[in-house]
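First to last, the protein sequences are chains R and F. Be aware that the first sequence starts at 125, since it is given in my numbering, and climbs by one per residue. Be aware that the second sequence starts at 3, since it is given in my numbering, and climbs by one per residue.
Don't read these hints as lab results, they were simulated from the structure. Nothing here was measured: the structure is a model prediction, and the numbers come from that model. A couple of the hints might just be wrong.
[Unchecked claim] Here are the simulated lysine-lysine pairs, DSS-like style, with alpha carbons at most 27 Å apart:
| # | chain 1 | residue 1 | chain 2 | residue 2 |
| --- | --- | --- | --- | --- |
| 1 | R | Lys139 | F | Lys184 |
| 2 | R | Lys402 | R | Lys230 |
| 3 | R | Lys402 | R | Lys368 |
| 4 | F | Lys249 | R | Lys179 |
| 5 | R | Lys283 | R | Lys308 |
| 6 | R | Lys242 | F | Lys249 |
| 7 | R | Lys172 | F | Lys249 |
| 8 | R | Lys297 | R | Lys139 |
| 9 | R | Lys181 | F | Lys249 |
| 10 | R | Lys490 | R | Lys504 |
| 11 | R | Lys171 | F | Lys249 |
| 12 | R | Lys368 | R | Lys518 |
| 13 | R | Lys180 | F | Lys249 |
| 14 | F | Lys211 | R | Lys172 |
| 15 | R | Lys402 | R | Lys231 |
| 16 | R | Lys273 | R | Lys245 |
| 17 | F | Lys211 | R | Lys139 |
| 18 | R | Lys592 | R | Lys440 |
| 19 | R | Lys368 | R | Lys636 |
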Amino acid sequence: MTYAEDTFEKSIQQKAPIALGVLMFCMLALIGRLYWLQCHQHDYYQKKAFGQQWKKKILPNHRGTIKDRQGNILAISVPGYSCYANPQAVENPEEVAEQLSLLLDKKSAFLSSRLKRKNRKFIWLKRQLAEEQYEKVKALDIRGIGFRKESRRAYPGGKFAAHVLGFVGLENKGLEGIEANFQKELSGQPGYTWQLVDGRLARYAIYRSEAPGIPPVNGADIYLTLDYELQEIAEQQLEKAVEKFRPKKASAILLSVKTGEVLAMTSRPNFDSNHYQKSPQNSWRNIAITDSYELGSVVKPLVAGACMGENLVHSKTIINCHNGAYRIKGRTLHDHHRYGDLTVAEILIYSSNIGAAQLGEMFGAKKLHTYLQHLGLGNKSKIYLPGESSGILKNHKYWTPSTMLSIPMGHEISMTPLQLVSAFTTLVGDGIYRPPYIVRKIVYPDGKEQHRYLPPNLVRIFPMHVVKEMRNILREVVVRGTAKRANIKGAFVGGKTGTAQKIVDGRYSHSKHVASFVGFAPYYKPMYCCIITVDEPVGSSYGGVVAAPYVAEILRQAVLIKGGRP
Amino acid sequence: MQARQRNQKFSARDAIFGMGGVIVFFIMIILMISISFIDSVSASYASKQMQWIVVAFFVSLIAMYFDYRWLVRNSWLLYGLGIFLLFATAGMGEMRNGSRRWIKLGPILFQTSDFMKIATILLLARILSQNSNKEKLMSLFLPFGVVALPCSLILLQPDMGTSLVFVPILFAMIFIAGANTKHLKTIIIMALLLLPIVYSYGLKDYQQKRVKMFLFQNTMTQKERQAEGYHLTQSMIAHGSGGFAGKGLGEGTQNRHGFLPERHTDFIFAVVGEEWGFIGTTVLLLLYLFLFSAMLMAAYSVSCSSGQLIIVGVVALMVMQTLVNTSMTVGMAPITGLPLPFMSYGGTSLLFCCCCVGIILSILGHEGSSYS
Numbered sequence: 125m126t127y128a129e130d131t132f133e134k135s136i137q138q139k140a141p142i143a144l145g146v147l148m149f150c151m152l153a154l155i156g157r158l159y160w161l162q163c164h165q166h167d168y169y170q171k172k173a174f175g176q177q178w179k180k181k182i183l184p185n186h187r188g189t190i191k192d193r194q195g196n197i198l199a200i201s202v203p204g205y206s207c208y209a210n211p212q213a214v215e216n217p218e219e220v221a222e223q224l225s226l227l228l229d230k231k232s233a234f235l236s237s238r239l240k241r242k243n244r245k246f247i248w249l250k251r252q253l254a255e256e257q258y259e260k261v262k263a264l265d266i267r268g269i270g271f272r273k274e275s276r277r278a279y280p281g282g283k284f285a286a287h288v289l290g291f292v293g294l295e296n297k298g299l300e301g302i303e304a305n306f307q308k309e310l311s312g313q314p315g316y317t318w319q320l321v322d323g324r325l326a327r328y329a330i331y332r333s334e335a336p337g338i339p340p341v342n343g344a345d346i347y348l349t350l351d352y353e354l355q356e357i358a359e360q361q362l363e364k365a366v367e368k369f370r371p372k373k374a375s376a377i378l379l380s381v382k383t384g385e386v387l388a389m390t391s392r393p394n395f396d397s398n399h400y401q402k403s404p405q406n407s408w409r410n411i412a413i414t415d416s417y418e419l420g421s422v423v424k425p426l427v428a429g430a431c432m433g434e435n436l437v438h439s440k441t442i443i444n445c446h447n448g449a450y451r452i453k454g455r456t457l458h459d460h461h462r463y464g465d466l467t468v469a470e471i472l473i474y475s476s477n478i479g480a481a482q483l484g485e486m487f488g489a490k491k492l493h494t495y496l497q498h499l500g501l502g503n504k505s506k507i508y509l510p511g512e513s514s515g516i517l518k519n520h521k522y523w524t525p526s527t528m529l530s531i532p533m534g535h536e537i538s539m540t541p542l543q544l545v546s547a548f549t550t551l552v553g554d555g556i557y558r559p560p561y562i563v564r565k566i567v568y569p570d571g572k573e574q575h576r577y578l579p580p581n582l583v584r585i586f587p588m589h590v591v592k593e594m595r596n597i598l599r600e601v602v603v604r605g606t607a608k609r610a611n612i613k614g615a616f617v618g619g620k621t622g623t624a625q626k627i628v629d630g631r632y633s634h635s636k637h638v639a640s641f642v643g644f645a646p647y648y649k650p651m652y653c654c655i656i657t658v659d660e661p662v663g664s665s666y667g668g669v670v671a672a673p674y675v676a677e678i679l680r681q682a683v684l685i686k687g688g689r690p
Numbered sequence: 003m004q005a006r007q008r009n010q011k012f013s014a015r016d017a018i019f020g021m022g023g024v025i026v027f028f029i030m031i032i033l034m035i036s037i038s039f040i041d042s043v044s045a046s047y048a049s050k051q052m053q054w055i056v057v058a059f060f061v062s063l064i065a066m067y068f069d070y071r072w073l074v075r076n077s078w079l080l081y082g083l084g085i086f087l088l089f090a091t092a093g094m095g096e097m098r099n100g101s102r103r104w105i106k107l108g109p110i111l112f113q114t115s116d117f118m119k120i121a122t123i124l125l126l127a128r129i130l131s132q133n134s135n136k137e138k139l140m141s142l143f144l145p146f147g148v149v150a151l152p153c154s155l156i157l158l159q160p161d162m163g164t165s166l167v168f169v170p171i172l173f174a175m176i177f178i179a180g181a182n183t184k185h186l187k188t189i190i191i192m193a194l195l196l197l198p199i200v201y202s203y204g205l206k207d208y209q210q211k212r213v214k215m216f217l218f219q220n221t222m223t224q225k226e227r228q229a230e231g232y233h234l235t236q237s238m239i240a241h242g243s244g245g246f247a248g249k250g251l252g253e254g255t256q257n258r259h260g261f262l263p264e265r266h267t268d269f270i271f272a273v274v275g276e277e278w279g280f281i282g283t284t285v286l287l288l289l290y291l292f293l294f295s296a297m298l299m300a301a302y303s304v305s306c307s308s309g310q311l312i313i314v315g316v317v318a319l320m321v322m323q324t325l326v327n328t329s330m331t332v333g334m335a336p337i338t339g340l341p342l343p344f345m346s347y348g349g350t351s352l353l354f355c356c357c358c359v360g361i362i363l364s365i366l367g368h369e370g371s372s373y374s
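If we strip away everything but chain R, and leave its shape as in the complex, we get:
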């Protein structure tokens, strides 16, 4: 060996410290990094660890039931199944899609495109299967096809009161009607727990006791003021009217005169809440509250009642009706017949426009406006249904001199059928306005009940003697006036017809009308007040023909069944 060993020793003596220094430097860098990671960034990574290790598990709850006033079920959530696929496990997508397309009522191209998404482990095929669909698909026992429990909203009545009830979309969300308006109360609060999950995530496993979450809270049950039997009657009668006169739209409302409760409410066109997608969207509208009209003569009794209440006239005051043509304030008013002198009562019985306009003239604008406002016109009735229209009642400051003539005839003022019928219950009930309402009580799962809130300051609008006189006058309308067809045996109906021209392109149309009739029974001690509004009837345009007979029939049956006691 040419190399002396001491050279070597010298070499390692010089260089080992350098090597050690490099090593220690590396170690220090590593420890520095560890300090940064474990002490400085600890909170950040702690959060990340929690985020991936704890998963929220939703605990489903039960949506509340909607019932009528007697407790009959109108809408209920029933356990159901939704069908999903794990495309990675499906062996033969084309064949499976073919098999399922008939059973699930979906196109096989749609199904196979879903089954072919191999990057997915979960994909819905169809939500909320019908009972027999579930049974049949389950019997096939195809690999990669599974079911998940998902409750389904069922409406036993189908089209029955569909506009009031509305419907529920996916994910338990109420989209229309009571379902939408009381979404919060009905849906309750799904609970959740925290679950410790497996790193592979495909398999959820609980290793330790679950962390506390929130227990599910079931939805509240809602009791409506609707009466199953009366609603059925209203549905039938409106259907009859619609069949006969083929209108664009129609609606019927039955109110309890004493309380303002809505006993029945229905509209046409209608839909089945169970299969709401199959009907066009315009059929979902609850015409009874969403559409406001200039309803015409039905407004006359309200103005006349106000005049009588203010002692400006009494029912026997004679007013000159100028033989059917009256020129005033730059415009000419017309009647259907040439009337001479009419009493106030007769103005209503024969529905004289000229007479009514003169009644309006007696009033100051501000006073009439206040009256109408107190009757709930121009404001939403707050009936707790979505999409309600407030109608149009101009502020008296903007009234022109001719507005005073128009309003008693039912022009220049628009209202929903619901607003009108509840104003009418005031006139023939006890003279006190009660806002209409449709929810009797909400019963929470813990047993707490929430009853309807009653406004504390109920205002008397019409004195009692006016109310009593008005009942008799309106009875006369039916007996010998414009609504003779409502005078059916055993009903004792009183009421007022309305035949209004629709406004088309800014003008009153001569061919398109809104016919309506507001009736109440029995006239001597009214229990029920009912309105039917028919939009663009074909064949006849008179409220006395198109609406009155059906209102009378609803009232007759209601009194017959309930004995005047709802």
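Guided by the hints, dock chain F onto chain R, whose structure is given.
Same frame as chain R, now just chain F:
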């Protein structure tokens, strides 16, 4: 004194007492820590590893009594055997996770590159201790060639981590052997210039991806990180959520719920970080530092040049493995399959490490004896 020792063939006292004992002491502590953490991951792995420790103990005992100078003298033969084994692996090796690194010997998988590492260290020790004029640049060609051959064979397996380990071994050994520092500097600069070429032609796609991921980890979006850096992300979360004091042995959620991949082998350091926190990782790193220092001190005390070089080579090897493995768990190095010496689960890795330690003890024990 020399005369007295010349008569002895081997002195167990020289091997075990002194620096040898210190080395063994630190290794035993690290092995104890290793067993507790492997047990924390899975009890069945821990009992298997215990059996391996017993086997490794006897293997190191044999290596200790075996005269290392015979190994040095026959190092060309061993090197040749190693190269043959590497070719054999490439031909008939076991395929795991897309690379051929193992030969099946009965029930166990033998990683041939482990044998190659020892053979290369031995051969380098022989060449460098005989080399006459280390001041000349030309004299470095042979050592480089000796390393380059196994290095490229292993890179083709592919096993980037192991092949990289050869580089510091070579540099440490020629550095200690007294090569001209100017030459070393030139070589390092040339190597750095060659890196991009190796990167684009020598590495497979997934290896390139890992390097890229390591270099650009701070500029990647969350989604990319999730898709490509799952190992790294989970390892960082394990370390970071461990905090200063850790979650406690066996309480690590990253570990126990299977979020951390390869947690009993390549990523066991992240489990330490999670369950023992900053304290645990620092203590473990200090233990390694003490171990390597003790080994270098041992090299210091040895007079035989080839023995010294062997120890330096082994230290370089273990330091490299330790640094690369721990750095990769904290995102300071690209992810490679290098195990943490004495900590990671795995029989051959442990056998190989203990074998190296046995050779060191043999060097210490044969210090006074002459080789005939």
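Each hint tested on the structure:
{"no.": "1", "hint": "Lys139(R) - Lys184(F)", "in the structure": "15 Å, holds"}
{"no.": "2", "hint": "Lys402(R) - Lys230(R)", "in the structure": "15 Å, holds"}
{"no.": "3", "hint": "Lys402(R) - Lys368(R)", "in the structure": "25 Å, holds"}
{"no.": "4", "hint": "Lys249(F) - Lys179(R)", "in the structure": "20 Å, holds"}
{"no.": "5", "hint": "Lys283(R) - Lys308(R)", "in the structure": "24 Å, holds"}
{"no.": "6", "hint": "Lys242(R) - Lys249(F)", "in the structure": "39 Å, violated"}
{"no.": "7", "hint": "Lys172(R) - Lys249(F)", "in the structure": "15 Å, holds"}
{"no.": "8", "hint": "Lys297(R) - Lys139(R)", "in the structure": "77 Å, violated"}
{"no.": "9", "hint": "Lys181(R) - Lys249(F)", "in the structure": "25 Å, holds"}
{"no.": "10", "hint": "Lys490(R) - Lys504(R)", "in the structure": "20 Å, holds"}
{"no.": "11", "hint": "Lys171(R) - Lys249(F)", "in the structure": "14 Å, holds"}
{"no.": "12", "hint": "Lys368(R) - Lys518(R)", "in the structure": "36 Å, violated"}
{"no.": "13", "hint": "Lys180(R) - Lys249(F)", "in the structure": "23 Å, holds"}
{"no.": "14", "hint": "Lys211(F) - Lys172(R)", "in the structure": "24 Å, holds"}
{"no.": "15", "hint": "Lys402(R) - Lys231(R)", "in the structure": "17 Å, holds"}
{"no.": "16", "hint": "Lys273(R) - Lys245(R)", "in the structure": "18 Å, holds"}
{"no.": "17", "hint": "Lys211(F) - Lys139(R)", "in the structure": "37 Å, violated"}
{"no.": "18", "hint": "Lys592(R) - Lys440(R)", "in the structure": "14 Å, holds"}
{"no.": "19", "hint": "Lys368(R) - Lys636(R)", "in the structure": "17 Å, holds"}
When held up to the earlier numbered hints, the structure conflicts with 6, 8, 12 and 17 and fits the remainder.
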